[in-house]
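Quick mapping for you: the protein sequence lines, in order, are chains V and H. Residues in the first sequence are numbered from 1 upward in steps of one, following the numbering used here. Residues in the second sequence are numbered from 1 upward in steps of one, following the numbering used here.
Just so you know, nobody snuck in bad clues.
Below, a list of computed lysine-lysine pairs in the DSS-like style, where the Cα atoms sit at most 27 Å apart: (1) Lys-17/V with Lys-40/V; (2) Lys-301/H with Lys-313/H; (3) Lys-269/V with Lys-247/V; (4) Lys-279/H with Lys-243/H; (5) Lys-22/V with Lys-196/H; (6) Lys-22/V with Lys-127/H; (7) Lys-127/H with Lys-188/V; (8) Lys-25/V with Lys-233/H; (9) Lys-22/H with Lys-127/V; (10) Lys-22/V with Lys-233/H; (11) Lys-17/H with Lys-127/V; (12) Lys-127/V with Lys-188/H; (13) Lys-127/H with Lys-187/V; (14) Lys-22/H with Lys-233/V; (15) Lys-285/V with Lys-233/V; (16) Lys-97/V with Lys-96/H; (17) Lys-97/H with Lys-96/V; (18) Lys-313/V with Lys-196/V; (19) Lys-127/H with Lys-127/V; (20) Lys-233/V with Lys-267/V; (21) Lys-127/H with Lys-17/V; (22) Lys-187/H with Lys-127/V; (23) Lys-196/V with Lys-305/V; (24) Lys-96/V with Lys-96/H; (25) Lys-40/V with Lys-91/V; (26) Lys-233/V with Lys-25/H; (27) Lys-305/H with Lys-40/H; (28) Lys-22/H with Lys-196/V; (29) Lys-313/H with Lys-285/H; (30) Lys-285/V with Lys-301/V.
Not close to chain H: a few residues of chain V, all C-beta gaps over 10 Å, as computed: (31) Ser-9; (32) Asn-13; (33) Leu-18; (34) Lys-40; (35) Glu-59; (36) Leu-212; (37) Val-225; (38) Asn-232; (39) Lys-243; (40) Lys-251.
Simulated from the structure, these hints should not be mistaken for laboratory data. Glycine included, each C-beta is placed from N, C-alpha and C at the ideal position.
There are 2 protein chains.
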Amino acid sequence: MSFISEFQSITENQINKLNLIKTPKGLYEPIEYILQLGGKRIRPALCMAACYYFSGNYEPSIEAALGIEMFHNFTLLHDDIMDHSSIRRGKPTVHKKWNENTAILSGDAMMVKACQLMLNVPSEVMKEIQSVFYQTSLEVCEGQQLDMDFENRQDVEIEEYIEMIRLKTAILLAASLKIGAIIGGAKKEDAQNLYKYGESIGLAFQLQDDYLDVYGKTSIFGKKVGQDIIANKKTFLLLSCIKNANKEQLKELRYWIDASSINPDEKVKAITKIYSDLKIDEKSKELMNDYYQKSIIALNKVNIKPEYKEELKRFAMNLMNRFN
Amino acid sequence: MSFISEFQSITENQINKLNLIKTPKGLYEPIEYILQLGGKRIRPALCMAACYYFSGNYEPSIEAALGIEMFHNFTLLHDDIMDHSSIRRGKPTVHKKWNENTAILSGDAMMVKACQLMLNVPSEVMKEIQSVFYQTSLEVCEGQQLDMDFENRQDVEIEEYIEMIRLKTAILLAASLKIGAIIGGAKKEDAQNLYKYGESIGLAFQLQDDYLDVYGKTSIFGKKVGQDIIANKKTFLLLSCIKNANKEQLKELRYWIDASSINPDEKVKAITKIYSDLKIDEKSKELMNDYYQKSIIALNKVNIKPEYKEELKRFAMNLMNRFN
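Same shape as in the complex, but just chain V (with noise of 0.2 Å):
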């Protein structure tokens, strides 16, 4: 049996019973909607576990995953503004469906009520929940930045760019465990151990999916491949192709970048072939590994059950196959 299927269930019922239809419907409506747009509700499920994982019940701890869960949908709403995204989950995003005032204020909103939701914990750990809750969210908007401001720069290095996901994305699966940790009695140096195992498999995911993006089935990832590359994004492929090509494949890379009427699945083959000349594909797995690697050290000096630690195990390596 697993807990962390279970949690993401449980999480799904609690959001139905959030009741958040309420005047004015415009602020309210598009809060119910991309809520209900759906998602695997991993981070409020993995709070969940790491509750359960150390007290036995975790109960104390949906108020705070609902408020994490909040809290995530609530970035998607503004960086899909800010990304100019018009579909999400096969859906219209909050900013097409109504608008761009709606889609800012509601999320706005979205924040202060997963502020409300993270209230909602036992009073002896409130303050530190808050303090690593609070800190998340930040570092999640400067995460947020610096991708915004890659896009305007020619030198980002790996290592800021391995910085800018730790913190847009890593972190709040990091920040979800130790929540859930805390709330469950955990001691500091678990809950700790517990945010780096969230931390790295955090990176390791975000280092998938940019893998994906350029090697991936479309049929098993559920995204048109190659989109990352149309877009001249600066993920760890491109940024590793620019660090280890010779001059030639410089001046062909930068030809298929600056070209600006290319046939997109041309210049996706052309650079994709770059790239494995390079051998960054198996650069870009390594790299995955070495993240996977710790995230199971640092699990590993977890004190939970170890029928608790498989599951996270499995957890990770169930994230790590998505490209097999």
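Chain H: place on chain V using the hints.
Okay, now just chain H, sitting in the frame of chain V:
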């Protein structure tokens, strides 16, 4: 000696000490910028004053006061995007000086910063303070949504307008006082009466702002007269005029409201004439005075030293005397 004005200066000094500029600069510089644009710092000053009145000490309320000011400036930042405002306090708005994405994200970070500041309150009142703060924050979002909804509605009632300005403007003043009072150890009833005082003063203040848009002197008011009329803003004056106008007056009003190319000065003059014929200026002053009286009634019930009540009465009087 005025405590409130002293606390306004203390707020200014404390803002200068916040040390906001961190990496990435693109996220933090706009926060520093909007906070340095100035403003009267009324909300934090009222928060500290309320704390002082009940405890003889304002220091435990400093961070909460700054959190409220941070939140207030966050709402200004996002409202400026939604209202397409180019200028705030004589300087370019954040989304004009930088861009919309920066304004959205820096605003989000300000909301988080506000939450972090609100954590630094005495632990025994932390949950209560935060409940008041987040409830207020959510209601401010509701007020902004109503304000936007009203732009597209032709059937806005005066009562709805009052509710909108209550949410958008009045309750943050009210909550500032209440939060300061709670930190200062006030009894529930006293904190609630101070809230009512602030709420009524906030309503009177906003009604006066509407009034001054038409009847103020640019030299004193600091804004060009008639802007609300030109923008067809559904203020108390316009809604009251529509309610009281006869058929002919309604027809003329409708002409000026619907006209697509008109001389703005003529429009202001014509609509002001209808207002005057219907004594809307007097009705407006009466309603302001009603709220002023309500604020004094609530204030009189608060158990603080008479000289502190006198200060809050003077504060209310000063606000009300802007049109003399």
